[in-house]
Amino acid sequence: MRIINQFPTRRSRLILGVVPFAAIAVIYALASRIRLEANPADRLLPAFSSMFDTFVRLATEPDRRSGDIVLWTDTLASLSRLGLGLGIAAAIALVLGIMIGFVPKFRATLAPLVGAMSLIPPLAILPILFIVFGLDELSKVALIVIGITPVMTRDLASRVADIPEEQIVKAQTLGASSWAMTLRVVLPQTLPRLVASLRLALGPAWLFLIAAEAIAATDGLGYRIFLVRRYLAMDVILPYVAWITLLAWLSDLALREFAARAFPWSKSGGGL
Amino acid sequence: MRIINQFPTRRSRLILGVVPFAAIAVIYALASRIRLEANPADRLLPAFSSMFDTFVRLATEPDRRSGDIVLWTDTLASLSRLGLGLGIAAAIALVLGIMIGFVPKFRATLAPLVGAMSLIPPLAILPILFIVFGLDELSKVALIVIGITPVMTRDLASRVADIPEEQIVKAQTLGASSWAMTLRVVLPQTLPRLVASLRLALGPAWLFLIAAEAIAATDGLGYRIFLVRRYLAMDVILPYVAWITLLAWLSDLALREFAARAFPWSKSGGGL
Amino acid sequence: MSTVDVQNIALSIGGVPILERVNLSVTSGEFCAIVGASGCGKSTFLRMLLSQQRPSSGAILIDGETVAPEPTPDRGIVFQKYSVFPHLTVAGNLVLPADFASGSPLARLFGARRRNARAAAMAMLEKIGLGPHADKYPAQLSGGQQQRLAIAQALSMKPKILLLDEPFGALDPGIRADMHELLSGLWKETRMTVFMVTHDIGEAFKLGTRVLVFDKIRPDGGKAGPAGATITYDLKLDREQRRARALAGAALVAAAPARTANDA
Amino acid sequence: MSTVDVQNIALSIGGVPILERVNLSVTSGEFCAIVGASGCGKSTFLRMLLSQQRPSSGAILIDGETVAPEPTPDRGIVFQKYSVFPHLTVAGNLVLPADFASGSPLARLFGARRRNARAAAMAMLEKIGLGPHADKYPAQLSGGQQQRLAIAQALSMKPKILLLDEPFGALDPGIRADMHELLSGLWKETRMTVFMVTHDIGEAFKLGTRVLVFDKIRPDGGKAGPAGATITYDLKLDREQRRARALAGAALVAAAPARTANDA
Amino acid sequence: LGVAAGGTLPAAAQSKTDFKVCWSIYVGWMPWGYIADSGLMKKWADKYGITVDIVQINDYVESINQYTAGTYDGCSMTNMDALSIPAGGGVDTTALIVGDFSNGNDAVILKDKTALADIAGQSVNLVELSVSHYLLARALDSVGLAEKDITVVNTSDADMIAAYSTSDVSAVVTWNPLVSAILEQPGATKVFDSSAIPGEIIDAMMVNTETLAANPDFGKALAGAWYEAMTIMSADDEAGRAARTAMATASGTDLAGFDAQLASTKMYYDPAEAVAFVGGEDIVKSMDYVRNFLFDHGILGEGAPSADFVGIAFPGEKILGDANNVKLRFDPAFMAEAAAGTL
Ligand SMILES: Nc1ncnc2c1ncn2[C@@H]1O[C@H](COP(=O)(O)OP(=O)(O)OP(=O)(O)O)[C@@H](O)[C@H]1O
Ligand SMILES: Nc1ncnc2c1ncn2[C@@H]1O[C@H](COP(=O)(O)OP(=O)(O)OP(=O)(O)O)[C@@H](O)[C@H]1O
Ligand SMILES: [Mg+2]
Ligand SMILES: [Mg+2]
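Chain order of the listed sequences is A, B, C, D and E. The first sequence begins at 1 in our numbering and counts up one residue at a time. The second sequence begins at 1001 in our numbering and counts up one residue at a time. The third sequence begins at 2001 in our numbering and counts up one residue at a time. The fourth sequence begins at 3001 in our numbering and counts up one residue at a time. The fifth sequence begins at 4001 in our numbering and counts up one residue at a time.
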């Protein structure tokens, strides 16, 4: 039978999915062993046991200086910045996306600007951002917003423009004003895509958050990674990276589940 | 008439599109004027004229220290890294995307791994990248590749999975082996999406390039921006950002044109 | 309930003539079935009646007045697809026109008025046999059920003119027959003016009081560049005549549709 | 050119029975037209004949042997849509089977063999009237032209069994008539065994030597849970009988399709 | 943007009561974090009826840029960066508190080589245009080499240790705590450090001259808090150890590590010493070196026709460069008040 017609069973799918992760863990363990044997003080590839110990310590023991439990304060700080950034970006992208996708005049005015802005690498204008937005919470949230909003806006605008013209015409024959159509036809059909767009933006949002926290913060997951990077404390960095990945994965899952529940009429992307 | 039915003419579309850019330029010029009046040596918001002078100097006069014409060496260095990174990422994403999207066994094995990798913020694991890939050109290219490949792979895999089952069945009734289908049915239909995916990856690729060049380099557009940030030379940074945006826009345009020509059978995304 | 006068309209898109010299005068309450080869401009003609497209020249008058420059509630439309709103339930789709009419800034009725509108919608749903499906989404309905809903939705505005673009193209013969009855019944009841595009000649003769055949002809008989389509046959049917003419009509137009727009 | 034996197959998906107790014995060279309500399992039945789907129970034998577990070149298929490869030109679509057969690691013929294959493809295209369109992409063809190409492509493998799933659903009456002739001609020429799903009863009686009607019936007459569809009528037509039976047959099944799967 | 730019204009000379200063993580500046956390700042600010907000910024250059843009009234930085960024950018800046100079904290480190002269021909990883670059220039001078004999690779300080671990890197110039972490690795040899150029890499709290002139209380509060912290941390008692431990944790190390860093830093715990240092001849010589280095590297800006373009003022009317464009001032007045105990 052709290989494309061979479907693994549910059980072997599970096993196959675990294999690459296991392989990576084994390779890491070996590399770590080799380095640690050559130099027991090596910091680059700490053993799993020491990473685990460090992680447990960060997650349970209060910090000597502040009395806070570092992992949770960092997580809370980062998640609240991320949530705020994603929320603001979603709101702006939704409004602009609908305006650009639905109203020809706004499209003519704003589409070129949004297009140009989505091409500016935000990291290159960091100094300007920090000066405009200051260095406190606002600037971190702003970097996330500036980093992800243009792309989300373009995405939403093109989805709005893709709403079948027939529906818009139909709504007009049913007596709808532009505003009524926006509220009752365009907005509800754009929301599922907004969630999908947010899911795509999660990766970049974390990236910008970490970049912002590395420059100016006193807590947050990115701050901690940055702080200990100077000492090459990979026993902190690696568990933190795994933790971030887990958080990102959970947010992704939550958004997907939310969309499936909130928009039962929308065929979700399915699969990958 | 409803606002959504009011279509600006071609001419007014052009004018409307220019307005926001002009507005930004005017605001900038005003803010710059105010600051320069308060402090003529201010570097934060240089006048357009001084930015232009600096840009012309960078583009025409050899550098005092190295004797190179800075703008061109930087551009060449960055573009070759970017091109290499995009090329490698495209090749990997194409192969993995087809494997994951087309062959159930590979999908079971690799999809979870690629999913997890697309969530890891690459900037957080930089030290490991350095150890694995060294500090020279390779590491910069590697950061781009690691940053954009997982997302591209997921995108391509889902497109491959979207190829109508009817076509695959049809090919089998025409006597195709899995390999023959890969070559003649799946690959050609995936290529236009690869180009689209590359276009989407341009933004992140520039981002990772700049991040990599900020960390260790002797030339490149990102290197220059972060270097002159040490003395707040916005008269260099702002033209460089504009230049990067222009380059990104041109690459985007080139890819779009290429796709339209190379894949005449594929309906291009159109519009936004 | 309205007269429609189409005065010598023509349409070119990008220099290519699509329609030309289309003249038509329809009295109130007629049921015009429109047939013609694929790509000859039938949908385009409906789009112009709906002000979705403006003719390059000529005029369209409704009840003697120039038609509004954009779609208005006096002209209802049922498309072959996308005819209902996928994000609203069946009942929601029928309440929507009342929501729009409410003039509320949220484009939504509340309280007692909402309950009234919903009750009216439910009554309508019972009438078209969708009562049990009131809280389903359109994607959960069969094609025929969706089209019934679309027609009910279009009729809820009591349009003077109803435009139908291949409304039954995707349906089973059985369901199609049901829909014919539904439509005939509603038309007799409301006496609106109907324009229906169809590919099914039998359907055209069965439902229409008048059958319009669109086709491309060259007035000079020569090959002087591409020509747009126009109305080549305009058959006014007596109710009794219809059955008899059905066969003849079918033969008449059988050859025409074989010429597709691609051969132009 | 092959016999097909379907031995008491049944299929449930996620616990819902789709088909059950389907028995069928088709002799070589028969033309089976399959009709039935929307969603009753006609396409699913074809998928099983093509090994795209495996029955939950029962067996399918071709020429007395259990059917291969995956699609093979002895069974050709024409779908309503997606039936040709959009990224290949018309000629490319017809050369493709030869490319596959070449066994070359690039799945592509070169040199003289390529020229030969292309010449054969061109000859075929002339035969089906697509000669002038050889270098167009499918998207540039009309629906009828695409279906002609799809049929030619399926036939190029000289399959013993040809499966057609609503192949003419999207076409004009005129083009449809042309296609009927093309298909009848080819069938008479090659004498392959044909299964064709259609929604058009007339088409079924016009082309088939045998008409299979799929429908859901409950063997116990009661309401013991949902039931799968099966073959409820199996009409073997003499060529001469066909015209006469057409009217009767149409009446016979007219009610059945009105019951859609949604009502189940 | 217009509003923001207007809002962050360099503070005009006007009296106000709310001040913001920023600092970044470096051994000599860790007391600022301690001063903020321990309440010393509030105590001294209250005394003068003002408020002073002390903000930590991870990225050193960003902290200076923010100060230069006018967001902060003061910022901890080195003499060299003060000259190149705020002073070069036209922001008149005063060295309010000269806290220390690097006395071994900055070092040139070679991998598998033991003599400074071996650096010839190598790639050297360092933060370009920073004090490391300056130190390298001075080191090369001392063995008769020039910058063209090597290749400078700009490398972010945050990644210096990881960079050193790669095989591509054979020479680095950096500062503590990175120096001690790198020296722990096998094959690392320190071939030159800042103790060979004492007093040239100076760490100070720089404040806006106009703000200071209009609000002397701001300077007094900062100096008062700083020198109280100095007294606490320099003592070898429980309180001193606790203070140093807090600073150690904040910089990501422990007390022993922090003390080791302090050992290679010449801290001016006693304000009188700092006053003497600022009033001496050596600092003038150092600044001369520094400004020539900056000019040679084009850091003084395009408008700078010579190293003399920006004037530097020292106590006693000594001025280096253009007397009509003095933008960097070493003013011992507030340290002197601390020494005299009149704050
Ligand atoms: N925006 C457009 N640009 C260019 N040509 C167009 C456009 N819209 C329609 N046409 C052309 O106008 C012609 C008429 O199209 P129309 O959709 O009205 O045909 P139709 O008679 O409804 O065909 P069908 O029966 O297939 O629905 C077609 O040849 C089509 O290619
Ligand atoms: N993968 C599946 N999962 C669940 N149900 C399925 C699946 N595939 C098909 N079905 C169900 O099987 C039934 C038969 O589907 P099928 O497509 O064979 O119908 P059909 O007779 O071809 O209808 P139509 O005339 O509309 O094409 C339908 O009710 C459908 O909902
Ligand atoms: Mg049409
Ligand atoms: Mg089917």
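Bear in mind the hints are in silico, worked out from the structure with no lab data behind them. Honestly, I wouldn't trust all of these hints.
[Stated by the list, open to error] Okay, the calculated beta carbon distance ranges per label pair:
(1) D:Glu3070 <-> B:Thr1009: 54 to 62 Å
(2) C:Asn2008 <-> B:Phe1052: 54 to 62 Å
(3) A:Asp63 <-> E:Asp4259: 54 to 62 Å
(4) A:Ala262 <-> B:Ala1047: 44 to 52 Å
(5) B:Ala1029 <-> E:Glu4147: 36 to 44 Å
(6) C:Asp2238 <-> D:Asp3234: 40 to 48 Å
(7) B:Arg1011 <-> D:Lys3081: 53 to 61 Å
(8) D:Gly3185 <-> B:Arg1011: 51 to 59 Å
(9) C:Ala2068 <-> A:Pro164: 19 to 27 Å
(10) D:Arg3113 <-> A:Ile92: 32 to 40 Å
(11) A:Lys105 <-> C:Asn2008: 27 to 35 Å
(12) B:Ala1047 <-> E:Lys4148: 28 to 36 Å
(13) D:Asp3234 <-> A:Pro164: 25 to 33 Å
Think of the CB as a built atom: it goes at the ideal place given N, C-alpha and C, for glycine as much as any other residue.
Okay, the hints, checked on the actual structure:
1. Separation of D:Glu3070 from B:Thr1009 is about 58 Å and conforms to the stated range, judged on CB atoms against 54 to 62 Å.
2. At roughly 59 Å, the beta carbons of C:Asn2008 and B:Phe1052 sit within the given window of 54 to 62 Å.
3. In this structure the supplied range 54 to 62 Å is violated for A:Asp63 paired with E:Asp4259, their Cβ-Cβ distance being about 21 Å.
4. Between A:Ala262 and B:Ala1047 the beta carbon distance is about 51 Å. The supplied range of 44 to 52 Å therefore holds.
5. Judged by the Cβ atoms, the range 36 to 44 Å given for B:Ala1029 and E:Glu4147 holds: they are separated by roughly 39 Å.
6. Take C:Asp2238 and D:Asp3234: their Cβ atoms lie about 43 Å apart, and the range 40 to 48 Å holds.
7. A beta carbon spacing of about 42 Å between B:Arg1011 and D:Lys3081 contradicts the range 53 to 61 Å that was offered as a hint.
8. A hinted range of 51 to 59 Å for the beta carbons of D:Gly3185 and B:Arg1011 is consistent with their spacing of about 58 Å.
9. Checked against the hint of 19 to 27 Å, the pair C:Ala2068 and A:Pro164 passes, with Cβ atoms roughly 22 Å apart.
10. For the hinted restraint 32 to 40 Å between D:Arg3113 and A:Ile92, the CB-CB distance of approximately 60 Å leaves it violated.
11. Between A:Lys105 and C:Asn2008 the Cβ separation comes to about 33 Å, which falls inside the hinted range of 27 to 35 Å.
12. Between B:Ala1047 and E:Lys4148 the Cβ separation comes to about 35 Å, which falls inside the hinted range of 28 to 36 Å.
13. Range check, D:Asp3234 to A:Pro164: Cβ separation about 42 Å, and the 25 to 33 Å hint is violated.
When each numbered hint is compared with the structure, violations occur for hints 3, 7, 10 and 13.
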